[in-house]
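Colleague: Chains as they are written, first to last, in this note's numbering: chain S, 1 to 251; chain W, 1001 to 1305.
Be careful, since some hints might not be right.
What the hints assert, rightly or not - Take a look, some chain S residues computed to stay more than 10 Å from chain W by CB distance:
{"no.": "1", "residue": "A18"}
{"no.": "2", "residue": "E19"}
{"no.": "3", "residue": "D37"}
{"no.": "4", "residue": "E182"}
{"no.": "5", "residue": "D202"}
{"no.": "6", "residue": "H221"}
{"no.": "7", "residue": "S231"}
Said to hold, decoys possible - No more than 25 Å apart at the CA atoms, straight line, and that leaves these computed lysine to any residue pairs for SDA-like:
{"no.": "8", "chain 1": "S", "residue 1": "K76", "chain 2": "W", "residue 2": "L1289"}
{"no.": "9", "chain 1": "W", "residue 1": "K1076", "chain 2": "S", "residue 2": "Y80"}
{"no.": "10", "chain 1": "S", "residue 1": "K250", "chain 2": "W", "residue 2": "L1091"}
{"no.": "11", "chain 1": "W", "residue 1": "K1284", "chain 2": "W", "residue 2": "L1112"}
{"no.": "12", "chain 1": "W", "residue 1": "K1115", "chain 2": "W", "residue 2": "L1091"}
{"no.": "13", "chain 1": "W", "residue 1": "K1115", "chain 2": "S", "residue 2": "W240"}
{"no.": "14", "chain 1": "W", "residue 1": "K1264", "chain 2": "S", "residue 2": "I158"}
{"no.": "15", "chain 1": "W", "residue 1": "K1076", "chain 2": "S", "residue 2": "A237"}
Said to hold, decoys possible - Only some residues are given here: those of chain S computed to face chain W with a beta carbon under 8 Å:
{"no.": "16", "residue": "T33"}
{"no.": "17", "residue": "K76"}
{"no.": "18", "residue": "A178"}
{"no.": "19", "residue": "N179"}
{"no.": "20", "residue": "V210"}
{"no.": "21", "residue": "E213"}
{"no.": "22", "residue": "P224"}
{"no.": "23", "residue": "L225"}
Treat the hints as calculated values from the structure; they're not laboratory data.
Don't be surprised by glycine CBs; every beta carbon is placed ideally from N, CA and C.
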Amino acid sequence: MFLRFLLLCLIFALPARAEEVVAGLSQNRVSITANFDGSEILIFGAVKREAPLPEGPLDVIVAVTGPSQPVTVRRKDRRYGIWVNVDSVIIDQAPSFYAVSSTGPLSEILSDVSDLEHRISVERAVQSVGTAFATDNPQDFSDAIIRIRTDKDLYQLIEGGVELSQDTLFSTSIDLPANLIEGDYTARIYLAREGEVVASYDTVIDVSKVGLERWIYNLAHERPLIYGLLSLFIAIAAGWGASAVFRLIKS
Amino acid sequence: MQIYLPIAEVSVNAFLLLGLGGLVGILSGMFGVGGGFLMTPLLFFIGIPPAVAVATEANQIVASSFSGVLAHLKRKTVDLRMGTVLLIGGLIGAALGVQLFNMLKSAGQVDLLVKLCYVVFLGIIGGLMFFESLKAIRRSKVPGALPTRKKHNWIHNLPVKMKFRTSGLYISVFPPLIVGVFVGILAAIMGVGGGFILVPAMIYLLGMPTKVVIGTSLFQIIFVTAFTTLLHATTNYTVDMALAVLLLVGGVVGAQIGTRIGAKLKAEQLRILLAMMVLAVCGKLALDLLLQPSELYSLGAAGGH
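So that you can see chain W by itself, here it is in the shape it has in the complex (with noise of 0.2 Å):
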């Protein structure tokens, strides 16, 4: 069944967009990453022009990422006070990242850039956790040996203290509200939810628990990427509902899936599967850049976003 989209102007099938709503909504609620990584390139494969899908997949993280946080909080796996520090962060961090975004526009070469910045994120992220998850796992394996305990380093120690009960730490506010700009940069240039970064940031910047990033960063990306979507409609006019819809029909139902799924696997087995599922599209990623294109000419609009 074929359905124009109004904003974007062109006819796509409706199962597809479903479909790969339900997939990339599964992924989102194991891992609590809002998907965007993935299912921003996927819109563009499909022939979603760039401008409006990463407006709009904004829209759709809002959707499956709220009813990811809601079976969390049922679960109370959700950090409210770290998420809202995060949050703030965060917040600024996007507002940060849409004027540095504008100027590198200007002065051209954003689509390299946007590539070049997946590229490294995921490169680093994948393979730390990669690495790090099969260590875990050697370890778990070594009958009696101890589980290493999060240590604290020094930029838990910095000033104005805080405690976070559900994660069960005391440490300075700085490193969170740091790690919250930083996501909300990136989230902005690259056109995400962030939470590929966000979720590893968590482990091993702050220390939290396994169990508690997951609803967390779920919290924070609801709001930052609420925020980016009226940023887009506002500015740009490029959110299309239509598409969102459908999208979320499919990533709503999926991430309830997902986080049944995501309750029943160990915490190493988790984030080795993320590690391998980043490491994919960085490879890919890595691969359109150095490989010859078949086209080596693209169109865009004159003057446009």
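Extracted from the complex, chain S is given alone in its bound form (with noise of 0.2 Å):
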């Protein structure tokens, strides 16, 4: 039932999509080395129409999204003179990355109902469903996070870093920062006129660590007594290496 409902819905959809996005992203791996230092990708594309071009002005919105984790804020307030952590909220999806790169300010080029409806600006990327309400003003608390993360470049607002040129091709360059975290990124792209979203076309970037620091995570996770022993056995050789080679110096 549900299955004819969605197959409905798609008849019915395609005809009315007179613009297509066609994008392609400078990286679809970004491989963390010991000596990772952030990186840049270029996302660029066009727009395909087989209709004469609509009316109105048209808008590009690019947003990258790292894997969510839910996540404790806590709040500290004064208690008997000393800052204590008072109370806290569990906001169960957080996206550990968060960029928006678009063609004007969000608030111009996109209604609150596509927002809503695409959860493309910050503030709706961190919205959660189940917030425990344990406190009064869970949205002072979802927008902590977004300070936090604004503050170490995790969360990226960039209104204006979308190029079009001509209503057709379109680019764009989200940096990512070097305190990543592994997982599958996803690139959204979205096309908006007068607020609504006429297009979008989404694609996965593979983050992932490789080499030696793959071998050292899988070592600690999987055979975590070896992992442990080997670096006291690493700390301890060096530790005596060292004395040695003073001894040598000395003598």
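Using the supplied hints, reconstruct the complex from the two chains, each of which is provided in its own coordinate frame.
Modeller: Structure representation (structure tokens):
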């Protein structure tokens, strides 16, 4: 029943799609090596049309989202003269990385309804469904995540970052900071006209550790005892080695 | 040169880590403290996740203490017998401490308790050492004044007496055993080697000579922190090998330099320097608790460690 409903929706939706996004990325893989220091991803594409150019201005929004994890946000307050954590809220979905680049200010090019539906702005991406309402003002807590992560360049809003030429070709670049975590990052591209999303496209960017980084990480998680002993062995060997070197220098 | 740490999952400057390791290594060699009480907060400050910082620091202390203890063994300033008694207590204490830590964690507020522990213990120990050393220095300036010999008090006369030849003591095994347990508990809760508590406890409670105290505390710290490292590696997967290697390369070199500086300084001078450093760290942590933080909110992994 549900499937049939979906199918119907699809059939009715298809003819309305006068414009389509065709896009590419400078890289679909980000390899975290020992000297990884961030990366820049170029996202570019074109708008494919089979009908004449519709009325009104065209806007492009590009959003890159990192893997989501539940986050505990704690608030400090003054108790007995010292600052202590007094309450906490668990935000069950907050992306570890989120960057939005667009042709103009989001408030002007995207309606609230479309934003809510596609979860485009940072505020919508962090909004959680089942927030534990242990406090009177849960909004302060999701604002705090956005503020703290924006300071670390993990959340970016680049209004005017997408260059659009002749309503057809667009491009933008997203800076991935050095403190990335592993996982599948999604790049979503939206075409908007008068606040409504008219077409979208999404693709996956695979961010993963490689080489020595990969080996150490796997060993630590799959053979923790051997890893622990190896860490100790390396530490003690280095300690003894340096001591021996100093003895040689002295004699 | 930036380096990406595989377990911590952050990118930091390799030379910054080498420098931090070296600095803390010098202090470790000079005073016989593991340096964890300085390094752990420094690692938080440069953005290493607290769980990784605490676990990796334990691993790094093993290395910096190892080269230090080798230097002390050569100078025959390690009381192996006393060290073993302290170690047995320390292992029992560390196991108890981990249990206590988990109980506090499930009750919440573990961060606050750790910080309060730091402020209280660093304050008491730093203050006591500072005034004691001042008095000792003043005494040594008065010509002809007799240095007070260590007095035996009632705890030394408990049963099961043992001869500690290197320290020149004939006391009950219970005081060092209890000191070991206590330091083990605190070390597990505060995520440090515990040298800054062990050293004054050995001087003031057990009445050991200062020159023997440093080597012996390093000996005990090595085994307790090695045990802690294995516990963290197998339960929380938070030991970062790359971070530990960078810190210890700096730390090992620093410890060698520190041991040589320490051998040249007088015991009273060493003690007053250590006291001032302990008080400085205590003051910084106390200010953090008393002043309004610029960011009232903090993030943590939900349900994580």
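Colleague: Next step is simple, just say for each hint if it's right about the structure.
Modeller: Status of the hints after comparison with the structure:
no.: 1; hint: A18; result: 43 Å, holds
no.: 2; hint: E19; result: 39 Å, holds
no.: 3; hint: D37; result: 4 Å, violated
no.: 4; hint: E182; result: 8 Å, violated
no.: 5; hint: D202; result: 25 Å, holds
no.: 6; hint: H221; result: 6 Å, violated
no.: 7; hint: S231; result: 5 Å, violated
no.: 8; hint: S:K76 x W:L1289; result: 10 Å, holds
no.: 9; hint: W:K1076 x S:Y80; result: 50 Å, violated
no.: 10; hint: S:K250 x W:L1091; result: 36 Å, violated
no.: 11; hint: W:K1284 x W:L1112; result: 15 Å, holds
no.: 12; hint: W:K1115 x W:L1091; result: 23 Å, holds
no.: 13; hint: W:K1115 x S:W240; result: 34 Å, violated
no.: 14; hint: W:K1264 x S:I158; result: 59 Å, violated
no.: 15; hint: W:K1076 x S:A237; result: 22 Å, holds
no.: 16; hint: T33; result: 7 Å, holds
no.: 17; hint: K76; result: 5 Å, holds
no.: 18; hint: A178; result: 3 Å, holds
no.: 19; hint: N179; result: 5 Å, holds
no.: 20; hint: V210; result: 11 Å, violated
no.: 21; hint: E213; result: 4 Å, holds
no.: 22; hint: P224; result: 4 Å, holds
no.: 23; hint: L225; result: 5 Å, holds
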